[in-house]
Each structure stands twice: as C-alpha cells, then as structure tokens.
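Protein chains in written order, with our numbering: chain S, 1067 to 1547; chain W, 5 to 122.
If you're looking for bench data, these hints aren't it; they were derived computationally from the structure.
The beta-carbon is built from N, C-alpha and C at its ideal position, and this holds for glycine as well.
Check each hint, because a few of them may be wrong.
[To be verified] Derived CB-CB ranges, DEER-like: (1) Ser56(W) to Val1097(S): 41 to 51 Å; (2) Ser1522(S) to Ile96(W): 47 to 57 Å; (3) Arg63(W) to Gly1339(S): 53 to 63 Å.
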Amino acid sequence: MTAVSTSYLHDLTLSLPEVFLLGATLVVLFVDLFISQAHRQLTYLLSLLTLVGTVVLLVAVPEGRHVGFAGMYVTDGFARLIKLMTAGTVAAAFLYSRDYLIKRGLFKGEYFVLALFATLGIFVMASAGNLLTMYLGIELLALSQYALVAFDRDSPIAAESAMKYFVLGAIASGVLLYGISIIYGVTGTFDLSMLAQRLDAHALTQVGLLFGLAFVMAGVAFKFGAVPFHMWIPDVYHGAPTPVTLFLGAAPKLAYFALSFRVLAEGLGSMAGAWQGMLMVLAVLSIAVGNVVAVSQTNLKRMLAYSTISNVGFILLGFLTATPFGYRAALLYTITYVLMALGSFAMIILLSRKGFEADRIDDFKGLAQRSPWFAWMMLFFMVGTAGVPPFAGFFAKLYVIQALVEVGFTWLAVVAVLFSVVGAFYYLRVVKAMFFDAPADDAPIGGAFSFKVLLSLNGLAVLALGLFNTPLVELVAKALR
Amino acid sequence: MLANYLPVLIFLLVAGGFGGLLIVLGFVLGPRKPDSEKLSPYECGFEAFEDSRIKFDVRYYLVAILFILFDLEIAFLFPWAVSLHAIGRPGILSMVVFLTILLVGFIYEWKKGALEWD
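Chain S on its own, in the form it takes in the complex (with noise of 0.2 Å):
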C-alpha cells in the first residue's frame, strides 16, 4: 500500500505544472463568478498570474526524461519547451485580447478560464506517453477552442464559423480515434513507447496497421489544417473575434506539432516510410493552395488564415524528412511561426477600434503616415513570415530546406521555394498598402501602453532572433537530443 502511494506522489510531483494549472484554473472560474463586472481585472490578474506560477513550476520539474502514472505521462525537454512556449504564448494573448474584450463588451471570464483549459489541453497532449492521453488532450484543446470562437454570442458570423468547427472538428475527432482504435488492434497497445518497441521494418507491411495510419494522418492533417483539410480555417479565423483568432494561431500550432511528433516520430517511427509519402501530398498541397489562394484575398484575416496553410506546408515539410535535424527544422519553424502570426494579429487588434475590426487589407492603407512605428513592425512580421532576410522566418525556413536537400528530396525544396515566391507576393502588397498608399482614415492609434510595448518587443523579437539565432537554435537543439 505505502509502495503505490509513494508512487502516487512521485507522479503527481512530476505533472505538478498541470496539477497548478488546473487548481489554479478552477480558482479563476470560482472567483470570477462572485465579482461584479467592474472587477473583472482581477479575474484577468489571476489568469496571467497563472500562468507565471505554471512556468515557474514548469523550470523546477527535474531536467531529463520522466515517466509516470503507468507510462501515460511523460516529461522531457521537448514537452518543457513546448510548455514554456505555450505559456508565454497564451500569456501574450491575454495582454494582447484585453483592451479589445473591454471596448466591446466582451471582457467576461469565461475567455480567460476557457483559454486556460485549452494551455492545459496543450500541456496534456504536449506531455502525452499514451494514444489515450494524447486523445484527451486534444478533446480539451478542441471543445475550449469551439467555445472560444463562439464567443461573441451576438455575432452570426462568428455563430456559424464556430458551428462549422465544431461539425467538422468532431469528425476528425472521430477518424483520429477510429484510427487509433485500428492501431489498438493490430498492435495491442496504446503505449507510445511500447508500440515503438512492437513496430518493426515488418510494419510497412501490415494492411491493418497502413489502415489506421491513415486514419490517424486524416486527424492530425485536420488539426493542423493542411490540405485537403482545410477548409475550416479561413472561416474560422475570420468569423472569430480577432483576440480568439490570435489565440487560435498561435499556441495550438505548438501542441500540433507535439501530437505529430509524439504520435508519429516517437510511437510510429518504424513505419516513417508509410507515413513520408503521405506528409509529402499533403505539404506540398498546402504549400501550393495556401500561397495561390492568399494571393485573392482582400481580408486580412482570411489572407493570414491561408498563410498559415501554407506554414503549416512548411513544418510538414521539415517533419517529413524524418531525421533528428529535420525535426529540429519542424520544431524552430513552428516556433519562429507563432511568435509572427502572434504579433500580425495583434495588429489588426491595435488598428482596430469599436465598430471597426480594421482586418481589411484596405485598412493598412497608409499606416507610415499614421504611425511609421507600427507600419515597421508590420513590415517585419509580413516579410518574416515570407521568409526575407535577415529575419527568424528566413532562418527557419532555410533549415527546413537544409534538411529536405540532405535527405535527397531535392525537388521537394524547389517546390517549397518556387511557392514561397509566390507567397512573397501577397506580403509585399500589404507593406505596399502601409507605405505607398494615402490612408484612408486618419483615425488616432490606439492601444494601451502595455500592449505596445509588447507588439514592439514582439516585432524586434522577430528580428532579432533572425540575427542572432543562435540561442533558439541551440534551444530546440537541446529539446530534441
């Protein structure tokens, strides 16, 4: 009896950042209920405090890798750097989201508490040994996020975009599941680690096991949103309030990236010969329908939405090579790709104001007049994000061709950089609208000073980790040994 106990309490010591977070998130939701509306700070006080306690919690969990409760936990230095990454991430949404709930009515404490439960759902699946936990984790992510974008109850828009994620998330709920249930079958387990030991070169082979890798690629491409499973992302992103958008764009990206890899690299790394073939159809689609269709945008939000197809063309790209580098690629490339979509989002939310979402292309119109600063900072997050030197997105996505090239997918890389070019296109003509047009408002920027400081930090961030790349390289590096 002592032995389970003592085990008990070793398990809980090393899920103690999500044993915090949910305690935590369950005082938020408890205290929110018994302020009135003008205290509503302290509700958005107590979830940022969260998540600082989350991430000091997170830095003293003992380095190396971990296994508890029976397998189904594990941490190491990817899951604490996913982690990390995701706190600081949503924590930034938080700071970015405020002034925009205020001026709209919107500043309720179910945005926070729900935001939270979605971190958890990261950290469950970012810390996920087993299909089970791995399942649960998306769960979590998935209903917070359906409810996040329905947020606004009086927009329709935002109604029908959260009705249409919720239908199709659900099935790829189910074929994700329908697919692990097949690998159940054939192999017995649902232990990552313990499939990874039963798979062999003979596992190419086996119908059963093809089968269910397929259905479980169909749920991770949906999630991840790439082609031909896309569909819900220009709608989602643009029908939801902007604040939830830049939630949405940002922090699950990572936990994505922690479900291919623990699913796939880790539990299915036998059959990388299967599942490569699969990654290339739909890396290079998302890549070629991303980039092509962003270019007949004039909303800004549908633009991102179909920039982000065409990113996440990218990580595949990096995953597929299937080397440690390659990963490592994948991993910097996610990473690089949050902190600018983080900071294009927040953008719209700066130039926005009540009764005007400013996520119209037409809208940048001129902002080098109104505020060379910001116009800058945008100029850096849009030609980031389409891979200009000297800034992190050129980096990111050279190590991503680097590994592709190395492997002797020579074409692939050629197809990667001739779409990228085309993706050049529909940056540049947001920076053209900012600097060589007249605006066509003159409207003051508004924006509290903490929210600049912040976009600020997040555009020089994007530049400096361009030029001196070498800690975030060495960082992801040291995750993924």
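Dock chain W against chain S, hints included.
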C-alpha cells in the same frame, strides 16, 4: 493478423443479409391495400394537429446536457465503489479530485442560472 477479423466480417454479412432478407420477404409476400386512413399519421385517435418537426426551447438541450453529465458521473462512481478495496488511498484521492472538479462546474452553472427555468 487481419484474418482474426474474419468471424466479425462473416457475422456482419449474416446479420445484414438476414435482416435484409426479412424486409424483402415481407415486401414481396405481404398483402398491401393502402387507403388514406391507413397512410395518415396516428395521433391518439385525433386528426394530426401540426408537423412533428417543430422548434423547441433550447433550454431542454441544456437540461439534457446536464443530465448526461451527472449520469456519467454515476456510471463512473459505481465501478469505483465496487473496486474500492483494490485501489486504496490513491483511488479515493482521485475520486475526491474528480468530484471537486465536477462540484466547481456545478456551482458555476447554478450561479449562472442554468438550473432556473424562467
């Protein structure tokens, strides 16, 4: 490995085939003399009032969701209670945590007025 599923396939074929056969047999062999009285919907002996596909209050949906929630909780509590002697202190602790989370949710919905009809 896949051969293990052959009995399942046979079972599915037999079940589907038998079900289909009965329907086809009834369709082919049964006498059919429809008239307007037979074809009209039956509603307790009255004439049908309105279409059965009507809008209903979204609050029923809320009640249904709350019901599922606590129904599942009970479904979870029974096996827990039966196996309590085997799972020991960690088992009790886990259930306390689970019930606490549910309790917070319950207080939330109560305070938000989800349990009040008007």
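Cross-check of the supplied hints:
1. Ser56(W) to Val1097(S): 41 to 51 Å: 46 Å, holds
2. Ser1522(S) to Ile96(W): 47 to 57 Å: Distance hint for Ser1522(S), Ile96(W) holds at roughly 52 Å.
3. Arg63(W) to Gly1339(S): 53 to 63 Å: 54 Å, holds
The structure fails none of the hints (numbered hints given earlier).
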